[in-house]
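Q: Spelled out from the first residue to the last, the chains are:
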Amino acid sequence: MKNTANAKMKFLIAVMAIASFATTVCAQGTLAPQTGTMKGAVLKGRAPVNKQILRVKLPKAQEATLKNGLRVVVLENHRVPTFSMEMVVMSGGLSDPADMHGLAGVTAALLREGTAKHTSRELAEQLDTIGATVNANSGLSGFTTNITAAGLVENFDQVLDLFAEVIRTPKFPTDEVERYKSRTVSAQGQIRGQAAFLAQERLNQAIYGTHPASLVLPPAEGIKKIAPADLMRFHDENYVPNNAMLAIVGDVTLKEILPKLERAFGDWKSGAAPPTVIPAVPAQSAAKIYLINRPGSVQTVFQIGALGIERTDPDYAAMAVMNRILGGGGSSRLFLNIREDKSYAYSVGSNFSSSKYRGTFVASAPVRTDATEGALREFMNEFNRIRNEKVSANELDNAKRSIVGGFALSLENPGALLQNIITQKLYNMPANYWDTYPQKVEAITVDDVQRVAQKYIDLNHLQIVAVGDATKTRAVLAKFGTVEEYDAEGKPVRTASKTQ
Amino acid sequence: MRLHKKFLIATVLFALAGAVPAQTGRSMHVDLKDTRLANGLRVITVEDHTTPVIAVAVTYNVGSRNEREGRTGFAHLFEHMMFQGSENVGKSEHFMLIQNNGGTMNGTTNEDRTNYFEALPSNQLELALYLESDRMRSLAVNQENLDNQRNVVQEERRIGLDNAPYGKSGEIQQALMYDNFAYKHDTIGSMADLNAASVADVQAFFKMYYAPNNAVLTVVGDFKTADALATIKKYFENIPRQPDPPAVDMTEPEQKAERRTSVDDMLARATRVSIAYKTVPGNTADFYALQVLANVLGGGGGFGGGGGGSSSRLNQKLLREKEMVTGINSNAQENRGVGGFYVTGTLRQSVKTEDVEAAVYEEIARLQKEPIADWELQKAKSGARRNFINGLQSSLARANSIGQYAVYYGDPNLINTRLDKVSAVTKEDVQRVANKYLVQTNRTVVITVPKGGGGRGGPQSGAMQPNVSQ
Numbered sequence: 001m002k003n004t005a006n007a008k009m010k011f012l013i014a015v016m017a018i019a020s021f022a023t024t025v026c027a028q029g030t031l032a033p034q035t036g037t038m039k040g041a042v043l044k045g046r047a048p049v050n051k052q053i054l055r056v057k058l059p060k061a062q063e064a065t066l067k068n069g070l071r072v073v074v075l076e077n078h079r080v081p082t083f084s085m086e087m088v089v090m091s092g093g094l095s096d097p098a099d100m101h102g103l104a105g106v107t108a109a110l111l112r113e114g115t116a117k118h119t120s121r122e123l124a125e126q127l128d129t130i131g132a133t134v135n136a137n138s139g140l141s142g143f144t145t146n147i148t149a150a151g152l153v154e155n156f157d158q159v160l161d162l163f164a165e166v167i168r169t170p171k172f173p174t175d176e177v178e179r180y181k182s183r184t185v186s187a188q189g190q191i192r193g194q195a196a197f198l199a200q201e202r203l204n205q206a207i208y209g210t211h212p213a214s215l216v217l218p219p220a221e222g223i224k225k226i227a228p229a230d231l232m233r234f235h236d237e238n239y240v241p242n243n244a245m246l247a248i249v250g251d252v253t254l255k256e257i258l259p260k261l262e263r264a265f266g267d268w269k270s271g272a273a274p275p276t277v278i279p280a281v282p283a284q285s286a287a288k289i290y291l292i293n294r295p296g297s298v299q300t301v302f303q304i305g306a307l308g309i310e311r312t313d314p315d316y317a318a319m320a321v322m323n324r325i326l327g328g329g330g331s332s333r334l335f336l337n338i339r340e341d342k343s344y345a346y347s348v349g350s351n352f353s354s355s356k357y358r359g360t361f362v363a364s365a366p367v368r369t370d371a372t373e374g375a376l377r378e379f380m381n382e383f384n385r386i387r388n389e390k391v392s393a394n395e396l397d398n399a400k401r402s403i404v405g406g407f408a409l410s411l412e413n414p415g416a417l418l419q420n421i422i423t424q425k426l427y428n429m430p431a432n433y434w435d436t437y438p439q440k441v442e443a444i445t446v447d448d449v450q451r452v453a454q455k456y457i458d459l460n461h462l463q464i465v466a467v468g469d470a471t472k473t474r475a476v477l478a479k480f481g482t483v484e485e486y487d488a489e490g491k492p493v494r495t496a497s498k499t500q
Numbered sequence: 501m502r503l504h505k506k507f508l509i510a511t512v513l514f515a516l517a518g519a520v521p522a523q524t525g526r527s528m529h530v531d532l533k534d535t536r537l538a539n540g541l542r543v544i545t546v547e548d549h550t551t552p553v554i555a556v557a558v559t560y561n562v563g564s565r566n567e568r569e570g571r572t573g574f575a576h577l578f579e580h581m582m583f584q585g586s587e588n589v590g591k592s593e594h595f596m597l598i599q600n601n602g603g604t605m606n607g608t609t610n611e612d613r614t615n616y617f618e619a620l621p622s623n624q625l626e627l628a629l630y631l632e633s634d635r636m637r638s639l640a641v642n643q644e645n646l647d648n649q650r651n652v653v654q655e656e657r658r659i660g661l662d663n664a665p666y667g668k669s670g671e672i673q674q675a676l677m678y679d680n681f682a683y684k685h686d687t688i689g690s691m692a693d694l695n696a697a698s699v700a701d702v703q704a705f706f707k708m709y710y711a712p713n714n715a716v717l718t719v720v721g722d723f724k725t726a727d728a729l730a731t732i733k734k735y736f737e738n739i740p741r742q743p744d745p746p747a748v749d750m751t752e753p754e755q756k757a758e759r760r761t762s763v764d765d766m767l768a769r770a771t772r773v774s775i776a777y778k779t780v781p782g783n784t785a786d787f788y789a790l791q792v793l794a795n796v797l798g799g800g801g802g803f804g805g806g807g808g809g810s811s812s813r814l815n816q817k818l819l820r821e822k823e824m825v826t827g828i829n830s831n832a833q834e835n836r837g838v839g840g841f842y843v844t845g846t847l848r849q850s851v852k853t854e855d856v857e858a859a860v861y862e863e864i865a866r867l868q869k870e871p872i873a874d875w876e877l878q879k880a881k882s883g884a885r886r887n888f889i890n891g892l893q894s895s896l897a898r899a900n901s902i903g904q905y906a907v908y909y910g911d912p913n914l915i916n917t918r919l920d921k922v923s924a925v926t927k928e929d930v931q932r933v934a935n936k937y938l939v940q941t942n943r944t945v946v947i948t949v950p951k952g953g954g955g956r957g958g959p960q961s962g963a964m965q966p967n968v969s970q
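Chains as they are written, first to last, in the numbering used here: chain A, 1 to 500; chain B, 501 to 970.
All the pointers check out, no bait thrown in.
Label-pair restraints from in silico Cβ distances: (1) B:D855 to A:K225: 27 to 33 Å; (2) B:A696 to A:K440: 50 to 56 Å; (3) B:K684 to A:V185: 36 to 42 Å; (4) A:D99 to B:E569: 55 to 61 Å; (5) A:T445 to B:R536: 49 to 55 Å; (6) A:T119 to B:A865: 24 to 30 Å; (7) A:K225 to B:A924: 49 to 55 Å; (8) B:K734 to A:A475: 57 to 63 Å; (9) A:T445 to B:E587: 34 to 40 Å; (10) A:M429 to B:Q868: 53 to 59 Å; (11) B:A747 to A:L459: 58 to 64 Å; (12) A:D99 to B:E758: 48 to 54 Å; (13) B:P871 to A:P492: 54 to 60 Å.
If you want a taste of the chain A side facing chain B, the calculated C-beta under 10 Å gives, among others: (14) G40; (15) V56; (16) G151; (17) N155; (18) A195; (19) Q299; (20) L336; (21) R339; (22) S343; (23) A345; (24) L411.
In silico lysine-lysine, PhoX-like type, Cα no more than 25 Å apart, as pairs: (25) B:K936 to B:K869; (26) B:K817 to A:K224; (27) A:K171 to A:K269; (28) A:K57 to B:K724; (29) A:K171 to B:K817; (30) B:K733 to A:K51.
Note that these hints are calculated values from the structure, not bench results. All C-beta atoms in this analysis are idealised placements derived from N, C-alpha and C, irrespective of residue type, glycine included.
Whenever a hint applies, use it, and build me the whole structure from the sequences.
A: What follows is the structure, encoded as structure tokens:
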């Protein structure tokens, strides 16, 4: 296959992945062909659309508990002879000491760098020889550590052994720890070359203040402080079976693998992991514009956001529908306006995230420098439109069809199916959460869409981040409000005055 | 995908009984039906009822290698025009119809082909075929839409090249290493050439290249083959054939001496070394040996799903042992014409580029002198197998692979035989291609030097190299 980096794509969209299996067909009322002209689109209504939504039924996961209390979830998928598994340890960056952000992440990163039985190099060689992968990570503001393994099912036993070994008996050898820290700090400097990183760093700080979610990278001082003993302590306290869950998807059966799982994890000793404290998000500061000066830029990279919802918020389905209409993909308002009508951007859209604390709603686009003012004006126009006017019945219907219809495609993505099950477990959602999700989506009304738009596209607290050449954008940004300026190291450099 | 009978039976049992024992090391086979319509359109269908999904891919035999001087970037700009409307489909209506019915879609262009594809719930097969046939038959272009998409494509170029650290280095390397214009320019094209493209260019390009006899239609998924073929004939068979496009001259003169340049980069924060060797066209014995070599040396080789990076020689030696780089990899790029073998490393502070180059060349010399280890050969083959199997998971990935193999090599069945070709590679083959291609006179080295406009106070490389172009 061709180096995909060389392939130029029409556009990039994140497809919302949801689950399912086995189909029934359901008539979707009287959907007339949609015709007409709108910003960025002309609808002729002549293509043959099947009016029925193909409904699919979720494949059911099987569950078991090992003798030591480790919860196991298995989702069989026999399409191809592969498997993947994920150990979810219920402790993550939110458990980091305040002066040592990144401890959970570094612990995860070093699991593969030496165990009681094998050196880093031996582990790498053994896994690579059988075409298997083992990875681990823990986000700075997450409440879990996720260790994944994947490979061909013919190598299941060998992968399981290595997977259990890195989870249970990492040694955190001093030379590997030092090497990793030094390399990480060095790579941190390089990422500052990327405009999208600089934008996200500023936006998270603007929204989250002192909350751990304000961090995109762990501060280098904290990383440098981490000693092997800190890693071992974090591991021993948190990596215990009663603080974990094992989820597996692929060409396996529960019956066949359960004895193997008992062998690999059955004698893993329980412990008293410190419970994760979910910090409250701070009160939101007034709307502001942040300009990060990145000399040499030929684009302004916008990330515009505000505080969103928790994962279990009853508004989740309404947010999904609202976001789909405003900025979710090639038929969204932001895409049709800013790209297809104004041609300010190649990639433009919006997204929302959620966790056990409130996530964010973010709209973003990189635009050529001389379109900075025009693009920001159109972002604001679209925010105001979806807040002030009800969406049309067609737009609402299209968004719902898009989300519900998309379940069929998710059947070809077992990894996404497994993630949905993990989400349901992590947030203690009802067992039928994904089975009933389509009904929740279909129940959303135009009033719901407007209500969540007004609530979460919060113009009084909207944080607008622009990364670009300050000499060419300072004045136009000031037309929209107070501008605070930073350099590419993340340091404040001056405050421009509000003009208009 | 029609899988082996063994698997078909297993699938049926699973559907009835809800459980089936896992099988080990089972072989996989995609059962293709190859049909040629009267107008020359090649149609590949793969019937597979395991998920309620259909995927449609139209792969056109045109890419940036077909571009002439003064019109670089045109094949890709044209690809954008294919979403701007046709006789019965309005501007952006394609995006909306696919997305609003639960599907996903895109179009991509590279040097050697252009493809358009969508996956949808299986009851929307007719919609997908209608949309693809309408634009193959009757693309509608106007100045306004061309100007609009020209701007969009220029933004795409800025994202990937002009506003990104190291963005321009690849384009510069490509221009320096190739002599034949076909590959001497980046697919994205230059700003000036994009500005020069006219509506007349779009119309002429459409007539020459977007003909049924210059395309392959691949349909994979949950349908009955006879029904699908009937619908395909209904929508596609009356699209008129055009004269075959002229063949592209892909001959590349032999390189006689090393080529080298350095690039000042305002946006990069660390020095990067990229070494490229010209190789051979894809789907040849030497190419498959180069894939194995890339996997052993730097973890690449196109076996993306299978890992191999951590244990690679460059990772172990340069990143871990010598601590010279924050990242390093190698890759064998597959082209229809002369391909490339690339080694790219990003340097740590105070490391000299000549030391990194010397360490890379030392590893290459070792591959030239000694056979690789058994486990290394096994690793490449395992990676290839896992990558092949991962690529069968989604209908869309299968459709795109089949379409590409059909257009590149006239062999859609390569999806089934390719793994055997990797498996046939021996240690001697790997040593032989290392000696044949990875030689000094055949390489083009590009050093990217951060020129710290954005790096006030930021980490700077201590390895400011003089310009040593030739």
